[in-house]
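Chemist: Under my numbering, think of the first position of the sequence shown as 375, with each following residue one higher.
Note that these hints are calculated values from the structure, not bench results. The beta carbon of each residue, even a glycine, is placed where N, CA and C say it ideally should be. Honestly, I wouldn't trust all of these hints.
To be verified - Now the in silico label distances, taken between C-beta atoms and shown as ranges:
id : residue 1 : residue 2 : range
1  : P480      : M375      : 16 to 24 Å
2  : Q394      : A470      : 31 to 39 Å
3  : E421      : E462      : 30 to 38 Å
4  : N390      : A488      : 26 to 34 Å
5  : P495      : P433      : 15 to 23 Å
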Amino acid sequence: MHPRILIVDDEEPLANLLRQSLLLEIPECHVVVAGSGEAALSRLAVENYDLIIADLRMPGFDGLELIKGVRYLDPHVPIVLMTGFGSEEVRREAHALGVSRYVDKPFGMAEFLALVRELLPQ
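Hey, can you work out the whole structure from these sequences and the hints?
Modeler: Structure, rendered in structure tokens:
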């Protein structure tokens with residue numbers, strides 16, 4: 375079975391860069407992009423994913439609210455939370471919600487891809 379990854383970010387250029395990088399690094403994976411937390415939860419209601427990569431700050435509800443919805447639908451899926459506006463308080467809250475990794479922007483693509491490989495089921 376091919377790994378399924380959901381990227382949730384309202385910054386379309388970054389989301390597409392991550393998608394293309396993942397497809398080059400892990401050609402067998404299926405990568406879907408959602409531009410909002412609401413769109414992501416709609417997808418999660420009908421599809422399962424092996425990894426979710428989400429931005430913290432998005433219009434509508436933010437990444438932490440998204441994570442709460444994700445945990446309701448799938449309590450075990452690994453989640454990577456990305457942010458350019460992190461704080462210790464947000465980091466603690468994300469950890470309490472079960473985020474697998476918290477990544478500060480900007481980040482190196484090689485490190486990011488290694489992190490994704492580590493979190494995908496073997």
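Chemist: Next, verify each hint and record whether it holds.
Modeler: Results for each hint:
Against the hinted window of 16 to 24 Å, the Cβ-Cβ separation of P480 and M375 comes to about 33 Å, which falls outside the hint. The hint said 31 to 39 Å for the Cβ distance between Q394 and A470, and at roughly 33 Å that hint holds. At roughly 34 Å, the beta-carbon separation of E421 and E462 lies within the given 30 to 38 Å, and the hint holds. A hinted range of 26 to 34 Å for the beta carbons of N390 and A488 is inconsistent with their spacing of about 21 Å.
The hinted window of 15 to 23 Å between P495 and P433 is violated, with their beta carbons roughly 31 Å apart.
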